[in-house]
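One line per chain: the protein sequences are A and B, in this order. Take the first sequence: its position 256, counting from 1, is numbered 256 in our numbering, and each next residue is one higher. Take the second sequence: its position 289, counting from 1, is numbered 289 in our numbering, and each next residue is one higher.
Keep in mind that a hint or two might mislead.
[Said to hold, decoys possible] With the Cβ distance kept under 7 Å, some of the chain A side facing chain B (calculated, not the full set): (1) Pro2; (2) Thr5; (3) Asn34; (4) Asp55; (5) Cys61; (6) Val126; (7) Gly282; (8) Tyr303; (9) Phe304.
[To be verified] A few chain A positions that, by computed beta-carbon distances, are all more than 10 Å from chain B: (10) Asp15; (11) Gly142; (12) Thr190; (13) Leu249.
Source of the hints: derived by calculation from the structure; they are not laboratory data. All values derive from a computational prediction rather than experimental measurement. Even glycine gets a Cβ: it sits at the ideal position worked out from N, Cα and C.
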Amino acid sequence: MPKCTMVEALNLALDEALGNDQQVCLMGQDIGVNGGVFRVTKDLQTKYGADRVMDTPLAECGIIGTAVGMAIYGMKPIAEIQFSGFTMQAFDQIEQNMARYRNRTQGRFNIDMVMRAPYGGGIRAVEHHSESREAYWVHTPGLKVVIPSGPRNARALLAASIADPGPVIFYEPKAIYRAFREDVPDSPETMELGKANIAQSGDDITIISYGAMMRPAREAVEDLTELHSINAELIDLLTISPIDTETLLQSVTKTGRCIIVHEGHQTCGVGAEIAARLAEGGAFEYLVAPLKRLTAPDIPHPYFQVEQHFLPDPDDIIGAARELMEWT
Amino acid sequence: MSGLEPDKPIEASCDPMQASPPLPASGFNTRAIDLGRIECLQILDEHGDIEEGLQPDIEDNELLRVHRAMLLSRAFDSRMLAMQRQGQMGTFAPNLGQEACMIGQVWPLGDEDWFSPSYRAFGAQIWRGWSMERLMTLWAGYHDGFPPPDDVKDLPFSIVIGSHVLPATGIAMAMRRAKDPHCMVVNFGDGAFSQGAITEAMNFAAVDQAPIVFVCENNGWAISTPLDKQAGNEVLAARGAGYGVHSIRVDGNDILAMMTAMKEACDRARRGEGPTLIEAITFRMSLHTTADDPTVYRDESLVEPWHNRCPIRRFELWLTRTNRLTTQDCDRIREECEQEVLDARAYFRKNATAKPREIFDHIYDTITPELESQRMDYLRRLDRKGVE
Ligand SMILES: Cc1ncc(C[n+]2csc(CCOP(=O)(O)OP(=O)(O)O)c2C)c(N)n1
Ligand SMILES: [Mg+2]
């Protein structure tokens with residue numbers, strides 16, 4: 001397989017799922033003839049027909065609500081919400097039904113579906129097209145939340161999310177949809193959900209991130225080694241719910257220092273949960289410096305003329321790492 | 001198939017609102033119910049001819065103001081597209097061919113009436129008093145472009161499709177309670193109409209008899225989704241009838257029909273006689289936005305017939321035939337509009353400023369201590385990065 005962008009890798013995973021399982025279907029706005037506004041579903045309607053790759057009316061609540069019903073009947077819908085900002089219109093169905101039918105029916109109805117949506121900033125978009133509100137879904141009992149960071153793990157994680165029997169929220173970092181290419185193996189590939197990946201090992205400080213923020217994090221980790229002789233361990237969460245607490249604890253008990261980097265807001269964000277787990281879970285006594293969060297502040301994502309300095313960048317990560325290294 | 005041929009023949013009626021459906025009788029009624037006929041109003045046909053006896057009683061200077069506003073909207077449209085292509089603008093949603101809908105729906109509004117636009121309604125916003133440089137600032141991604149000018153009773157345009165219609169309805173409900181003798185006009189697309197929130201809004205407005213006019217600008221497309229995939233019943237006005245909202249279809253490319261129907265609907269709202277739904281049938285001739293490529297999903301031949309239905313062409317045929325304007329006048333006004341847009345661009349280029357230090361300033365009335373500390377962190381970061 002030639003090198004793929006994330007968009008192409010996701011398209012491949014969807015194609016494989018549709019090809020392997022008659023119950024899998026795609027639904028969403030403009031996903032058919034148009035192939036989705038980001039082209040993730042390109043050509044799939046031609047290949048699998050309009051009953052399996054459905055253009056829906058413009059109603060997110062309708063998309064998720066009907067997908068839940070289809071899942072109850074035994075189908076495996078993969079619903080696309082055009083931008084994660086518009087999952088808010090579907091909050092009702094996600095929270096009340098998608099996340100709960102299983103428990104409500106004591107396991108009789110599994111909601112075997114995936115909600116995909118592009119999330120995150122940095123694409124010079126208008127309001128509501130740049131948010132990172134994954135924490136809402138992490139906070140919602142009954143859901144799993146998955147966020148890839150590159151083409152190869154995007155394909156494998158989407159396959160795993162589709163294979164998972166329960167409802168999965170799959171957020172796609174659109175800032176890196178086409179930012180770089182990676183080799184993707186010819187044969188189908190999957191990954192275990194709930195497992196973080198140690199993207200680089202190191203002994204001095206742990207940097208935890210996910211999604212599009214893995215890019216600045218990687219850059220920072222390289223510079224820290226080369227310019228500052230700081231060997232950071234970089235952890236890519238991949239699954240945001242459930243969080244792989246074990247891997248995080250192991251790393252932080254080793255390094256004693258930790259920075260958490262994400263695009264979502266700070267208060268009650270994913271970083272807050274991680275910090276709490278580290279503090280509660282036994283890393284506390286190993287810490288030689290305070291835990292540090294680098295996140296978006298608690299204000300709406302600003303319009304694109306002023307968004308350049310809104311999200312954490314490599315300099316922020318490097319600065320924070322050096323500060324923590326010097327902590328006494 | 002776009003599903004957008006206005007139903008032929010278009011039934012013309014001088015008094016379309018007569019045909020509003022009867023409200024369902026209270027109590028249980030075992031008889032079949034007739035929701036009534038939904039008229040479709042056209043006054044000026046594609047050839048610029050007016051059907052006998054239908055000419056509305058509108059003063060010439062009003063007609064000329066409206067004509068100019070349509071040309072200005074079009075000049076703004078093509079300049080913005082060009083600026084976007086030159087990298088001077090963010091994603092932009094053009095409005096080519098929808099000028100009659102746009103201007104017709106705000107023409108009856110006075111300064112004390114309210115307007116809540118969708119995101120494609122810049123022509124109407126300009127009419128309402130938004131300067132073109134403000135709109136350029138907005139589309140170019142500056143925060144300063146979004147707030148309505150102080151003396152304009154408009155909501156900012158809605159980016160989340162359909163989400164503005166309930167707040168607009170709430171404003172109308174408050175107006176009725178305040179005995180405010182004015183009205184609200186809210187505008188949304190055929191795609192937006194699939195959002196549950198809009199049917200909720202119509203129901204609230206009908207129950208409340210709120211002074212609001214719902215304008216569904218049915219341009220046949222929601223990005224790549226044609227009307228026949230959007231709606232099981234392509235007569236969108238039928239939905240209003242179902243909720244007990246006076247409902248009518250209008251040829252949205254006929255400015256005289258739009259003005260007539262809107263005037264009646266606004267007057268009805270102001271008289272306290274409740275909401276109206278106007279389904280304005282038009283066509284999205286251009287791109288969905290500059291991020292869109294319609295050649296992927298629609299055949300150019302579907303657009304072709306709409307060139308002849310162009311609202312400006314049609315209006316000018318009539319204006320010139322009836323000696324209200326000469327073709328030279330039309331050319332001159334076009335040039336003047338083009339110049340106005342260029343002046344606005346010059347102003348925009350000179351004055352638009354990014355203000356990264358202000359992005360915390362409007363979250364709360366008084367910033368909370370916690371947010372203030374985040375703001376200070378952020379400002380120190382900007383200092384470190386050397387950002388003004
Ligand atoms: C809630 C929501 N869902 C999806 C979108 C993405 N989107 C922007 S415009 C649009 C189509 C709107 O169609 P319509 O209401 O017919 O208005 P038109 O574009 O034709 O003016 C879509 C799906 C959005 N902005 N908001
Ligand atoms: Mg439309």
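So is A/Leu249 really clear of chain B, every C-beta pair being over 10 Å apart?
Non-interface label stands for A/Leu249: nearest chain B Cβ at 28 Å, farther than 10 Å.
Satisfaction of the A/Thr5 interface hint, Cβ to chain B closer than 7 Å:
violated, 17 Å
Quick one, is the A/Phe304 hint okay against chain B at 7 Å, beta carbons?
holds, 4 Å
Hinted contact A/Gly282 with chain B - closest CB pair below 7 Å:
violated, 29 Å
Grab the minimum C-beta distance from A/Tyr303 to chain B and call the hint holds if it beats 7 Å, violated otherwise.
holds, 5 Å
Quick check on the hint: A/Asn34 CB to chain B CB, less than 7 Å?
Hint on A/Asn34: holds, closest Cβ of chain B at ~4 Å, below 7 Å.
Supplied contact hint for A/Cys61, tested at 7 Å Cβ to chain B
holds, 6 Å
Hint A/Val126 vs chain B: min CB-CB distance below 7 Å?
It holds, given that the least Cβ distance between A/Val126 and chain B is near 6 Å, below 7 Å.
Can you verify the interface hint for A/Pro2: is its Cβ closer than 7 Å to any Cβ in chain B?
Hint violated; A/Pro2 Cβ to chain B Cβ min 23 Å, cut 7 Å.
Non-interface claim for A/Asp15, where every Cβ of chain B lies beyond 10 Å
It holds; A/Asp15 is separated from chain B by about 18 Å at its closest Cβ, greater than 10 Å.
Please verify that hint: A/Asp55, Cβ, nearest Cβ of chain B, below 7 Å or not.
Result: holds, 5 Å to nearest chain B Cβ.
Does the no-contact call for A/Gly142 survive, Cβ to all of chain B over 10 Å?
Answer for A/Gly142: holds, closest chain B Cβ roughly 23 Å.
The structure is inconsistent with the numbered hints 1, 2, 7, although it conforms to all the rest.
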